[in-house]
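**Student:** Fit chain U to the supplied structure of chain G, relying on the hints for placement.
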Amino acid sequence: MNFFWDLFLGGLTRGSIYALLALGYTMVYGILQLINFAHGEIYMIGAFSALIVASILTMQGLTGLSVLILATIATVLYAAAYGFTVEKIAYKPLRQSSRLSPLISAIGMSIFLQNYVMLAQTSDFLPFPNLLPQSNFLDSISSVIGPSDFIIIVTSAAVMSALTLLLKFTKMGKAMRATAQDQTMAMLTGVNVNRVISRTFIIGSALAAIGGILIASHVGRINFYIGFNAGIKAFTAAVLGGIGSVPGAVLGGLVLGLAESFGTGYISSDYESVFAFALLILILIFKPDGILGRSSQQKV
Amino acid sequence: MKYACELKQSTYIALWFILLTFPIMVVKVNTIENIIVWRWINIVGVGVGAFVLSFFWQLYLRKKMTSQQTAPEKVSILNRLIENPKIYRPALFIVGIFALIFPAVFSHYQVNVMTTALIYVMLGLGLNIEVGLAGLLDLGYVAFYAVGAYSYALLNYHFGLGFWMLLPVGALLAAFFGILVGFPVLRLRGDYLAIVTLAFAEILRLVLENWNTFSFGPSGISNIPRPGFFGINLTPEQSAIYMYFLLIALCGLTIFVTYRLQHSRIGRAWVALREDELACQATGIDKTKAKLTAFALGAMWAGMAGVLFAAKTTFINPASFTFMESAMILSIVVLGGMGSIPGIILAALAITLLPEYLRVFSDYRMILFGAALIIIMVFRPGGLLADRRKQYKFHQPDAKEKR
Chain G
1 MNFFWDLFLG GLTRGSIYAL LALGYTMVYG ILQLINFAHG EIYMIGAFSA LIVASILTMQ
61 GLTGLSVLIL ATIATVLYAA AYGFTVEKIA YKPLRQSSRL SPLISAIGMS IFLQNYVMLA
121 QTSDFLPFPN LLPQSNFLDS ISSVIGPSDF IIIVTSAAVM SALTLLLKFT KMGKAMRATA
181 QDQTMAMLTG VNVNRVISRT FIIGSALAAI GGILIASHVG RINFYIGFNA GIKAFTAAVL
241 GGIGSVPGAV LGGLVLGLAE SFGTGYISSD YESVFAFALL ILILIFKPDG ILGRSSQQKV
Chain U
301 MKYACELKQS TYIALWFILL TFPIMVVKVN TIENIIVWRW INIVGVGVGA FVLSFFWQLY
361 LRKKMTSQQT APEKVSILNR LIENPKIYRP ALFIVGIFAL IFPAVFSHYQ VNVMTTALIY
421 VMLGLGLNIE VGLAGLLDLG YVAFYAVGAY SYALLNYHFG LGFWMLLPVG ALLAAFFGIL
481 VGFPVLRLRG DYLAIVTLAF AEILRLVLEN WNTFSFGPSG ISNIPRPGFF GINLTPEQSA
541 IYMYFLLIAL CGLTIFVTYR LQHSRIGRAW VALREDELAC QATGIDKTKA KLTAFALGAM
601 WAGMAGVLFA AKTTFINPAS FTFMESAMIL SIVVLGGMGS IPGIILAALA ITLLPEYLRV
661 FSDYRMILFG AALIIIMVFR PGGLLADRRK QYKFHQPDAK EKR
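Top line first, the protein sequences correspond to chains G and U. Position one of the first sequence corresponds to residue 1 (my numbering), numbered consecutively onward. Position one of the second sequence corresponds to residue 301 (my numbering), numbered consecutively onward.
Extracted from the complex, chain G is given alone in its bound form:
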């Protein structure tokens, strides 16, 4: 039973990170019908800038929670700026062209950002300091749940609830949902579509940056290539839940994380990703629009 609980928690932790990243994919897809391959790279850049800012702050003599808060704010702003810029360069000029052209420019952007970080920083693995806070409360529950697991699950849940509220109850969220439903109609009712798209990228990138800090603290090391695998998994999670749907992305992330965790625990640890992908194929055979995706009626 204890083994089961460990696997369950491990899967939940992993799943929350996938969900945070999958939200970025699903939001962009919902509005632009575009697979943003550079999203994983934003997450990687988030982890790198968190490392840099945190190191500078620690060398200035700051410790503990203040480092975490300042580094998080800086990283979120910074990653959001990257998301904004990436959209302006690689996707905006291509908005009128066929659906595959932005996909290729996204792949190009992904290669570009990876190599940019590799050249400007390093191609080796860097040790990442554990920024997550320690406290008596966390120590007291550490027999049930690891402190970093606890923080990751709670933080992701909080961030995702905030996003849901934002989309449901603010004017900006309403504009986003309207643009996702019908871009032309939203434009006619006075929604500034360009601004909505920019904001979508900013929010998605901020979520990716938070994911980057959490996972880098948890794993303890980063390099320029971490974004790639995380990106593919998160995209898988988004499709699994039904791409374009926000609760679907969260559910997809959690299902994917749990499947990987139980698969490695009970069957074989060599085939971690195989379980995730096999589950994806199985689910899509029986539900071609993902778990929570709406089956769109085809019309001529």
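It is possible that some hints are incorrect.
Claimed, not checked - The list that follows gives simulated cross-link-like pairs (lysine-lysine, DSS-like), each with its CA atoms no further than 27 angstroms apart: (1) U:Lys-308 - G:Lys-92; (2) G:Lys-171 - G:Lys-88; (3) G:Lys-174 - G:Lys-88; (4) U:Lys-363 - U:Lys-308; (5) U:Lys-363 - G:Lys-88; (6) U:Lys-302 - U:Lys-363; (7) G:Lys-287 - U:Lys-589; (8) U:Lys-308 - G:Lys-88; (9) U:Lys-363 - G:Lys-92; (10) G:Lys-92 - U:Lys-587; (11) U:Lys-587 - G:Lys-287; (12) U:Lys-302 - G:Lys-92; (13) U:Lys-308 - U:Lys-386; (14) G:Lys-92 - G:Lys-171; (15) U:Lys-364 - U:Lys-302; (16) G:Lys-174 - G:Lys-92; (17) U:Lys-587 - G:Lys-88; (18) G:Lys-88 - U:Lys-302.
Stated by the list, open to error - Computed footprint of chain U on chain G, listed as stretches where at least three residues anywhere in the stretch have a Cβ under 8 angstroms from a Cβ of chain U: (19) 41–52; (20) 73–82; (21) 177–190; (22) 212–224; (23) 231–237; (24) 279–289.
Honestly, the hints are just simulated from the structure, not real lab data. All C-beta atoms, glycine included, are put in the ideal place defined by N, C-alpha and C.
**Tutor:** Using the frame of chain G, we list chain U on its own:
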């Protein structure tokens, strides 16, 4: 001043980029010794680079916008050149002569590079059947390539079968795998299909990597024999040249077959499927059959290319069949212009040869490649040589003949 607006904009953009790249470009932390290195000089580079690039970027983007408004149906110069028989016939002749004398003129290394490029031509044309013609976005094309390569390596290792025996076997096995992938994805559309094909490719790669008793794991299979030449022993140089001519011949076959397919009944069915699935079914095209043949025929070329790849490098391991490879082949198809055979050949040669000749910039070649993908897509979203549908003319009997 004519460009005042652009210059002002570029200044702002340069400042934005300095801010944006500051932590990554300027600061370098050494977390072990707790040292920060500040590389201030990089600011100047980023600033000047961003200024110049954004200036030209805006200039060209504006030019593109205005030209789109004034002449929407303009055919590009490259397209016009290639459609003019007076130009393309001699050009084809020159290219043919060049291909024949290539090994005699250039070094062993160049011949090897060219052979690799020709393998990519085959892969690009094969994927073109799936993506360009049938509109099935396949992000896991490399799986079929791997099936071909591994079927040659393993069947040769276990049963000692030769290259010529296994070339069709590899192609058939890949085609079979294509149908296997095709069946579950029949109901899926667009991006769901893309992620499922990607999932299949990743599963295959991970299995090859971990199932040591079957595929020898990450260390791969070495000492794969080169193709035989009527039982004569060839030196490595000679067999490289032999490989080159083999690929020229097979590429010629690929071009011929894909060209004929494109203008055949099934080819037109694929295009109809790409344009509108529902309308295509309404005209009486069997959707299942069309999709599965597209998968099988596309996969077949990848399988053949895989056999050739294994025979050329004499060593394969799962690291050659990552997602990046699929992305590379897909960029060949999209850069060339979907469905356009000359465009894809051009793009395949460009994409494989450019990084090779960019080795001078060794570290920078991948970053330049990424930038080139973005720039080409922004300024030529239809690809280098966009495909134009064959136009059938209605010949009216001449007025004189009537009389």
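**Student:** Are the Cα atoms of Lys-363 of chain U and Lys-92 of chain G separated by 27 angstroms or less?
**Tutor:** The given pair, whose Cα atoms are some 16 angstroms apart, holds under the 27 angstroms limit.
**Student:** Are the Cα atoms of Lys-88 of chain G and Lys-302 of chain U separated by 27 angstroms or less?
**Tutor:** Measuring from Cα to Cα gives roughly 24 angstroms; hence the hint holds.
**Student:** Using a Cβ cutoff of 8 angstroms, are there at least 3 residues of the segment 73–82 of chain G near chain U, or does the coverage claim fail?
**Tutor:** It holds: at least three residues are needed, and the segment 73–82 of chain G offers 3 whose Cβ sits within less than 8 angstroms of chain U.
**Student:** So if I understand the rule, the pair passes when the alpha-carbon distance is 27 angstroms or less; does Lys-174 of chain G with Lys-88 of chain G pass?
**Tutor:** 23 angstroms, holds
**Student:** Taking beta carbons only, do three or more residues of the segment 279–289 of chain G come closer than 8 angstroms to chain U?
**Tutor:** holds (count 6)
**Student:** Holds or violated: Lys-287 of chain G with Lys-589 of chain U, Cα cutoff 27 angstroms?
**Tutor:** Status holds; Cα separation ~22 angstroms.
**Student:** Run the distance test for Lys-308 of chain U versus Lys-88 of chain G: straight-line Cα separation, threshold 27 angstroms.
**Tutor:** 18 angstroms, holds
**Student:** Taken at face value, is the distance from the CA of Lys-92 of chain G to the CA of Lys-174 of chain G at most 27 angstroms?
**Tutor:** 22 angstroms, holds
**Student:** Would the hint linking Lys-364 of chain U and Lys-302 of chain U be met if the CA-CA limit is 27 angstroms?
**Tutor:** It holds: about 18 angstroms lies between the C-alpha atoms, which stays within 27 angstroms.
**Student:** Below or equal to 27 angstroms on CA atoms is what counts here, so check Lys-92 of chain G against Lys-171 of chain G.
**Tutor:** The hint holds at about 23 angstroms.
**Student:** Holds or violated: are the alpha carbons of Lys-587 of chain U and Lys-88 of chain G at most 27 angstroms from each other?
**Tutor:** Judged against 27 angstroms, a Cα distance of about 38 angstroms means the pair is violated.
**Student:** Given that the segment 231–237 of chain G was listed as covered by chain U, double-check it with a C-beta distance under 8 angstroms for 3 or more residues.
**Tutor:** holds (count 3)
Figure legend: structure checked against the earlier numbered hints; hints not met, in rising order: 10, 13, 17, 21, 22.
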